[in-house]
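Undergrad: Listed below are the residues making up each chain.
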Amino acid sequence: MALLEIHGLIKDFGGLRANDDISITMERGELVGLIGPNGAGKTTLFNCVSGLHPVTSGRVMFDGQDITDLKAHEVARLGLARTFQVYVASGDLNVEENVMVGCFMRTRSPSRARARANEILKDLNLHDLSEFRVSELTVAAQKRVTMATALGSDPKLLLLDEVAAGLNPSEIEEIMADIRHVHEDMGVTVMLIEHVMELVMKVSDRVIVLDSGKKIAEGDPETIVEDPRVIKAYLGERYVREHGGDIG
Amino acid sequence: METIKNALDFSDSPRIDLTIAGLVALFLLVFPIFPHSAFAMATMIQFLMFSLYGMGWNTIGGYGGQVDLGKAQYVGIGAYTTAVMLIRWDVPFWISMPIGMCFAVIWSFIIGYPLFRLKGHYFAIATIATTLVLKDIFEVWDFVGAARGLEISPIKYIPPDFLRLIFKQDVYYYYVILGFFFLGILYVNWFRRSRLGFQLRSIKDNEDVAQSLGINVHWAKVKTYAIATAFVSLVGSFHACYIKNIEPEDTMSLDLSILIALMAMLGGAGSLWGPIIGAGILIPCKSYLKEWLGAQVGLVGIDLIIYAGIIMVISAFEPRGIWGIVEKVRRRKRS
Ligand SMILES: Nc1ncnc2c1ncn2[C@@H]1O[C@H](COP(=O)(O)OP(=O)(O)O)[C@@H](O)[C@H]1O
Ligand SMILES: [Mg+2]
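So the protein lines, in turn, are chains W and L. One point on numbering: in the working numbering, the residue at position 108 of the first sequence is 108, and numbering is uninterrupted. So the working numbering is basically just the index in the second sequence, starting at one, shifted up by 1000.
It is worth saying that the hints were derived from the structure and are not from the lab. Bear in mind the structure is a predicted one, so any value in this text is a computation, not a measurement. Hints may contain errors.
[Claimed, not checked] List time: in silico EDC-like cross-link candidates among lysine to aspartate or glutamate, alpha-carbon distance up to 20 Å:
1) L/K1328 x W/D92
2) L/K1328 x W/E74
3) L/K1223 x W/E74
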């Protein structure tokens, strides 16, 4: 049984079809990259799957259960966690406390939540930052804190929305190492949105490409980078005409 | 067990805060021993009552960020429950107070459940509206004395009556409310680090994120609103025994609702000490202003103008109130 199955998902905002008949299946233990140009509908897909937006039509199954009509907090409690593209983390709380909010999903006890938060912070090498307010951190550290917070709920599936956006190359290396660690050592299934293609290609087992709300390609990274439809979506018609289809 | 330990654990406050808090607590404990005027005593009791109102407001309004301008309706429910039960059936305070709390909490669910579907300013306005409606009902409801209100006649009882909370000397009232005041601090100290306390701060920050962390945002707000209500209703019950004369106009007025919110915001919404600091500043000002204005005809209402001024200053300069300034200065010193 697949961990996540999206069947024919459609999402309309008024006249705009942000997700158009998208079907995706994810097996346990996979790391799937979801790419596509800005406005392709990637974030919208996350919002629909995580229960934040009602879908226009289609079904979403998670861990053998139909979650299409569940509320966001109910979906989260089933073990589907996510981060947000723009949101960083609560400025009111320090790093440890932020992660504790995630941990409180599985326990009522503040001391147990604190202990779990510290485990995760150690695991992601964020332990030195525990006492800082999130607003005092670099963007890269903030993004890693949001990831730690999502992990606090011990999810089965983690949806990451552009965690590497706006970071410099060495920071990207760091966060990629985190993602690999979460995936390989913690055993969490991960779906990763990035609009920087190279990055996703390096870590993903499989890549899905969205463009204008539609799924236009799916496959292993090597095939995807050579797919003319993908290149066209990313670089525009003219580039493809001038260079033929062969860009590595 | 962990609950009690956490309620008593103030270790995350800097030592200087704890020293000041300890000195203030000591002062509050010994204050009645020293010579004081009846006016000073009355002001101190008001300060303690309003601190408790503010602590209650602070749970939902401060930690939860849901601006609530309708707390007076729960003062009224507590006060009226205690007064009616005492006058009609001679029910002691210690029984009528928890019953009043239950009524208030039930009413808070009836109101909170639909109101928390609203956001921001709509919520604030809706809390004002429900208070006005409740006040109107009480003003025409004969069973509770309608607009005349109710009077607890002290002659019927033999003070000091600890069961009914009927005393001749204010010092008894002082120590009763001081006890609640300390319990209130312990409760909030536990609450702010409880699961619900953390969830509220997450909600205040971003509701979508809160939901995606498994928090039932609507239910968390309704629950906290009920907690805030219980605080306020308790003090309302106390108010009935202390003042002995209650009317819809003074227990359920918009002025009272605003004053409760304002005090907590001035001192520092979302902080442990904020509401107490706010009450410590505003209540003496209010009392002396009233005394002074008593002689000056035509200046009635000036306190409202002053409140409006304070609201503007807070929202313009430091939304986190006086405590926000303290924390800012501290952080600057540290870095
Ligand atoms: N809440 C919303 N209301 C209306 N339109 C939206 C909303 N969210 C996204 N859209 C639109 O849906 C399209 C897809 O957006 P989005 O999913 O954010 O793209 P991506 O994450 O791939 O960059 C865009 O045209 C965007 O303007
Ligand atoms: Mg996006």
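Undergrad: Does each hint hold? Answer for all of them.
TA: Hint check:
no.	hint	result
1	L/K1328 x W/D92	12 Å, holds
2	L/K1328 x W/E74	38 Å, violated
3	L/K1223 x W/E74	18 Å, holds
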